[in-house]
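There are 4 protein chains.
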Amino acid sequence: MGAAVIGAGYWGPNLARNLRGSADWELMAVCDLDRERATRVAESVGGAPVVTDVEEVLADPLIDAVAIATPARTHHGLVTRALEAGKHVLVEKPLAADRAAGVAMVELARERGLVLMTDHTYCYTPAVLRIRDLIAEGALGDILYVDSTRINLGLVQPDVDVLWDLAPHDLAILDFVLPGGLSAATVSASGADPLGAGRACVGYLALPLANGAMAHVQVNWLSPTKIRRMVIGGTRRTLVWDDLNPAQRLSIFDRGVDVALAGDADHAARVSYRLGDTWSPALPEQEALANVMTEFASAIRSGRPARTDGDSGLRVLSVLEAASRSLAAQGAPAPIATTVPTLIGGAA
Amino acid sequence: MGAAVIGAGYWGPNLARNLRGSADWELMAVCDLDRERATRVAESVGGAPVVTDVEEVLADPLIDAVAIATPARTHHGLVTRALEAGKHVLVEKPLAADRAAGVAMVELARERGLVLMTDHTYCYTPAVLRIRDLIAEGALGDILYVDSTRINLGLVQPDVDVLWDLAPHDLAILDFVLPGGLSAATVSASGADPLGAGRACVGYLALPLANGAMAHVQVNWLSPTKIRRMVIGGTRRTLVWDDLNPAQRLSIFDRGVDVALAGDADHAARVSYRLGDTWSPALPEQEALANVMTEFASAIRSGRPARTDGDSGLRVLSVLEAASRSLAAQGAPAPIATTVPTLIGGAA
Amino acid sequence: MGAAVIGAGYWGPNLARNLRGSADWELMAVCDLDRERATRVAESVGGAPVVTDVEEVLADPLIDAVAIATPARTHHGLVTRALEAGKHVLVEKPLAADRAAGVAMVELARERGLVLMTDHTYCYTPAVLRIRDLIAEGALGDILYVDSTRINLGLVQPDVDVLWDLAPHDLAILDFVLPGGLSAATVSASGADPLGAGRACVGYLALPLANGAMAHVQVNWLSPTKIRRMVIGGTRRTLVWDDLNPAQRLSIFDRGVDVALAGDADHAARVSYRLGDTWSPALPEQEALANVMTEFASAIRSGRPARTDGDSGLRVLSVLEAASRSLAAQGAPAPIATTVPTLIGGAA
Amino acid sequence: MGAAVIGAGYWGPNLARNLRGSADWELMAVCDLDRERATRVAESVGGAPVVTDVEEVLADPLIDAVAIATPARTHHGLVTRALEAGKHVLVEKPLAADRAAGVAMVELARERGLVLMTDHTYCYTPAVLRIRDLIAEGALGDILYVDSTRINLGLVQPDVDVLWDLAPHDLAILDFVLPGGLSAATVSASGADPLGAGRACVGYLALPLANGAMAHVQVNWLSPTKIRRMVIGGTRRTLVWDDLNPAQRLSIFDRGVDVALAGDADHAARVSYRLGDTWSPALPEQEALANVMTEFASAIRSGRPARTDGDSGLRVLSVLEAASRSLAAQGAPAPIATTVPTLIGGAA
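Chains as they are written, first to last, in this note's numbering: chain R, 309 to 656; chain F, 309 to 656; chain V, 309 to 656; chain G, 309 to 656.
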């Protein structure tokens with residue numbers, strides 16, 4: 309299948325390189341308003357046609373799909389045009405600048421029977437793919453809590469706060485690995501802007517999950533130490549993903565708390581501990597974006613939604629919008645809008 | 309000065325041993341309703357008079373002070389009796405089972421001119437004493453955020469949730485090291501009871517501080533990995549206290565974000581980074597409880613409030629009570645009651 | 309069975325406490341020339357008869373065994389007397405101050421049919437017991453190399469160098485866990501005395517093992533960082549024991565190098581890598597010295613040598629003496645004396 | 309100045325890229341017998357003339373210097389030709405396949421007044437440059453010991469053992485940072501070939517330094533854990549360089565042992581400990597090879613030897629040759645040949 313990259317900025321070269329390197333795809337064009345940038349990207353992958361007018365791409369019958377890496381505010385327009393032109397679409401996160409636009413894009417893709425995939429790259433890393441499998445096969449049991457920490461000395465963004473900048477990664481991963489996806493009904497958000505930067509530089513999200521479980525996300529632009537860690541506690545085992553420890557990225561602890569079924573009042577007596585082994589699976593060395601390209605092609609060929617389809621992008625957007633409302637209300641829980649297309653279409 | 313220990317349970321032996329080992333104190337009695345327990349404690353410190361009736365202790369004119377290590381629900385009654393008998397009091401945390409009782413105890417001590425000290429032992433560790441000094445001398449600059457994590461595989465307590473069980477440590481430390489003490493006006497609390505234990509086993513507190521800063525506390529009874537870490541980010545430097553890393557307990561990072569004073573809109577441009585050295589001060593080996601005994605004696609002698617006086621115990625209680633209300637409201641911010649005696653008496 | 313502790317110095321209290329706490333033993337006496345020291349030890353375990361004349365202990369028919377914790381130079385005399393009096397003996401490491409004395413002690417015990425056990429306490433830690441089992445059951449395959457590191461800021465001893473002070477631990481452990489015990493024929497030792505302390509403060513031992521394998525030991529009194537780590541590389545798996553990491557003391561890496569059987573010259577082509585999982589077994593919490601007491605009793609009852617018998621103490625001594633000769637020869641390999649009694653008696 | 313790269317294999321692209329990126333150099337040619345390989349390298353840096361005949365390079369008057377990245381056995385011939393053609397030379401490590409060839413190359417460069425620089429890249433990393441400065445300014449005091457560990461799961465090389473493969477890095481660094489360079493008179497080497505690979509896969513070097521100090525190097529191809537760590541103990545402070553810990557690559561411990569001057573026999577009493585702070589300097593982010601190119605140009609311009617000149621390459625070769633002799637003698641110390649040119653010319 310033929311594909312074009314639209315947008316030759318920060319992420320475009322990675323998309324072009326992985327399309328070029330994929331057995332599923334032929335890179336047909338690199339498109340950017342700035343011909344020089346597009347040319348640089350095309351040359352960096354050994355040469356490819358350069359286009360400055362996106363209409364040219366959309367009109368090309370040999371191009372089956374486009375990979376869009378332009379600013380978020382342009383996603384709605386570009387994705388709509390591409391879908392109307394009959395192209396399958398892979399789009400960078402966030403799916404759109406606001407939820408309403410995202411809903412329209414998802415609905416359009418469904419109407420046209422085209423694949424709309426959100427590039428939640430992290431979900432295709434060997435670590436996250438393995439976490440998803442481990443949870444799906446019951447290795448962790450029922451999920452009790454998730455704690456995700458993503459902190460670093462990071463640029464204070466001019467247009468978005470730290471929740472919109474960093475938490476999409478955590479939310480997309482949660483949506484990918486949790487059995488029912490990211491199904492929280494409300495979110496409580498806290499944040500701080502201690503530098504007077506005009507937006508939160510430190511943020512926390514609490515997402516009550518089903519059956520009393522909870523997911524918590526901590527993001528921070530002001531931390532001199534860099535942490536990217538997710539802990540997923542289950543009734544059977546607990547998993548720790550430490551993305552900055554290449555020697556032991558995943559650890560599965562066969563330790564936990566057992567609660568007896570007896571309904572008596574003395575809860576301490578009902579609880580016992582299990583101190584078992586720790587296990588750290590070997591992970592293959594794979595570039596996540598190569599897996600993205602394979603999944604994109606596979607979804608198109610089999611006419612199924614991609615693993616990280618437009619709906620998943622929409623669920624992330626819905627949480628972010630609710631988090632902003634909760635942040636404004638100092639942590640009061642805000643309801644998360646339900647992904648309408650999913651309810652109506654029932655297709656996801 | 310003469311002192312008696314009241315309560316020969318879990319903590320009593322430590323109090324007795326440190327009173328015995330202190331140059332400031334003479335251990336005059338170990339008191340417990342259970343004579344056998346009291347005897348065991350007395351023998352473990354090389355012998356001391358054993359008493360089963362607390363009135364005997366309170367009537368003894370050679371006893372200047374009592375150290376109370378009984379269950380929280382008994383604190384109000386015992387402390388009140390001791391203060392009325394003219395004894396200075398060191399009492400285990402929490403100060404009382406509820407805030408109203410705590411207020412009454414603090415007021416009574418103030419009326420009688422006696423020292424009422426809360427045994428916030430952590431505050432007297434070499435690490436926390438050093439943190440207090442570093443902040444006081446401006447080494448960190450203005451505080452931007454505090455992140456405290458205290459997680460472990462812990463017993464599900466029969467009477468209190470994880471916030472009341474573990475967060476008092478973090479709150480007492482914050483009250484001790486922050487320039488103005490624990491002065492938050494509201495708290496947002498989130499928690500989860502995924503085991504159906506009848507109380508939160510996972511909890512989070514967000515405390516907005518002055519000038520846009522925020523303190524956050526994370527506690528968890530269900531974590532197979534044990535973490536006791538506090539990060540204090542400041543405008544000049546950031547401190548990390550990793551209490552489980554004896555080789556490098558404190559690290560001070562001379563790294564951070566500088567925000568220019570210009571009022572323009574492009575905030576990213578206003579921010580710059582400082583990548584400096586890291587420094588880890590050597591800490592003396594001291595038992596915290598020995599420092600507690602010294603402080604207790606010193607406060608009595610000089611007629612000043614102890615560093616962790618009844619008011620500090622009360623501020624911790626006030627946050628916990630507000631946290632319980634916020635937890636019930638799914639994170640909606642709850643106002644923290646002001647410590648009345650401080651406002652009226654103005655003595656702290 | 310009745311037992312007495314001889315020597316109430318640094319280690320004596322631990323022996324007394326574990327004999328007292330053992331179901332196999334009755335603590336009959338604490339013996340020291342210094343009555344006050346002996347009394348302190350006896351009281352610390354809740355009381356026991358105090359004796360100052362060792363002959364009194366040896367003459368007591370209710371005392372079946374003695375645990376000796378006196379300076380090394382006194383071991384030969386005391387152990388000989390005890391064995392001649394028909395007592396089983398547990399003796400602190402090193403077995404004796406020199407190999408010849410050790411040989412005589414081992415031979416005497418064998419003649420008398422008594423148990424002579426060396427207190428190689430480390431061998432009875434849960435970690436080392438597990439390592440021994442893992443190797444015995446073939447989990448590591450054939451041993452390829454062992455790297456043991458034991459470094460710290462340590463006291464420069466007045467009478468022994470760093471090899472004699474610290475390496476006995478490593479050598480005793482190697483003797484305990486390696487399938488054929490510590491069977492090296494030679495040792496090469498290097499060392500340095502950069503402070504002019506009169507003896508090596510930094511030392512290295514290289515011990516060629518069977519089949520081309522090698523054990524290496526690194527000890528150092530001058531290191532500001534403390535490391536106690538042993539790596540045991542095998543054809544199937546590699547084990548890392550990090551004694552200072554309680555959260556993950558043992559790690560078994562299912563990674564390694566496979567060498568094909570083909571005899572061609574291009575060795576690089578014959579070698580392939582296996583990147584498998586890492587596994588960290590849970591270890592029980594046990595005091596090693598309690599296990600020592602159980603083993604001592606069990607060996608006596610069943611009339612078998614203790615796991616760490618006199619021969620093992622002798623093998624450690626033999627390596628140390630050879631190491632001193634190699635050190636004097638700047639690393640030239642020195643032959644390790646064979647344990648004569650084993651060869652003659654064939655009993656170990 | 310104009311430069312050509314000779315050899316378009318593994319390292320050639322890095323040389324080409326850094327010459328191209330340097331303000332000091334103009335990349336005039338990429339030379340390889342294999343035109344295709346040379347072309348690939350030239351294209352990867354944005355285009356450069358491609359040459360297959362090295363004579364063409366040497367005849368070009370616009371080329372002042374050559375950077376040679378060909379197999380070690382070809383160094384002697386190529387470097388000799390280049391020097392005879394009047395070119396300055398940067399050559400990959402090892403300087404030559406044997407010491408005699410290295411001596412001839414160094415002498416020739418000296419005769420012709422040309423710069424012969426060994427590409428000991430590690431020496432130009434920010435960490436090693438800082439270590440050199442710290443030692444030079446006395447921050448560590450006198451050096452007591454050096455422990456260097458470089459272990460990994462590595463390819464068993466077909467032509468060299470693990471000492472020749474990995475230890476050159478450690479030796480080059482030692483030569484660079486130690487005040488008098490790598491001045492050991494003898495070396496003791498131990499090694500093992502437990503896989504029957506035909507050469508040592510595990511190796512140890514002990515190098516007695518001046519004043520009783522010692523350097524020790526541990527290398528291993530069979531380790532499932534990767535360690536690259538150097539500890540440099542000094543009378544004032546001890547430095548730990550952990551190259552795999554980007555968050556704290558260098559740590560300087562202000563802890564150590566003080567030995568009093570008194571000449572009495574009781575050495576334990578003469579020794580005291582200093583427990584001070586730990587300090588971790590921030591290091592700039594620099595590519596080491598860019599620093600190499602700057603140093604190469606600077607040495608040529610100022611007519612001085614490069615920091616890692618031919619003599620340093622020769623000292624490394626001398627140790628390796630002696631180590632091979634010691635290895636064959638099971639650790640017996642082997643004398644290290646003195647670098648003749650230095651003695652005669654006195655220029656280094």
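Quick caveat, the hints were computed from the structure, so don't treat them as lab data.
If you're wondering where the values come from, they're calculated on a predicted model, not measured in any experiment.
Just to be clear, a hint being listed does not mean it is correct.
[Claimed, not checked] So, partial list: chain G residues that the calculated Cβ filter (under 7 Å) puts toward chain V:
id, residue
1, Pro502
2, Thr546
3, Gln638
[Unchecked claim] Keeping only pairs whose Cα atoms sit at most 16 Å apart, straight-line, the calculated EDC-like set for lysine to aspartate or glutamate is:
id, chain 1, residue 1, chain 2, residue 2
4, F, Lys534, R, Glu363
5, V, Lys534, G, Asp361
6, F, Lys534, R, Asp562
7, F, Lys534, F, Asp550
8, R, Lys534, R, Asp550
[Unchecked claim] If the Cβ cut is set under 7 Å, some of the chain F residues that face chain R in the computed set are:
id, residue
9, Ala405
10, Gly520
11, Gly541
12, Arg563
13, Gln638
14, Pro641
15, Pro643
Glycine is no exception: its CB is placed at the ideal position from the N, C-alpha and C atoms.
Evaluated hints:
no., hint, result
1, Pro502, "4 Å, holds"
2, Thr546, "5 Å, holds"
3, Gln638, "4 Å, holds"
4, F:Lys534 with R:Glu363, "57 Å, violated"
5, V:Lys534 with G:Asp361, "56 Å, violated"
6, F:Lys534 with R:Asp562, "14 Å, holds"
7, F:Lys534 with F:Asp550, "11 Å, holds"
8, R:Lys534 with R:Asp550, "11 Å, holds"
9, Ala405, "18 Å, violated"
10, Gly520, "4 Å, holds"
11, Gly541, "5 Å, holds"
12, Arg563, "4 Å, holds"
13, Gln638, "4 Å, holds"
14, Pro641, "4 Å, holds"
15, Pro643, "11 Å, violated"
Of the numbered hints stated above, those contradicted by the structure are hints 4, 5, 9 and 15, listed in ascending order.
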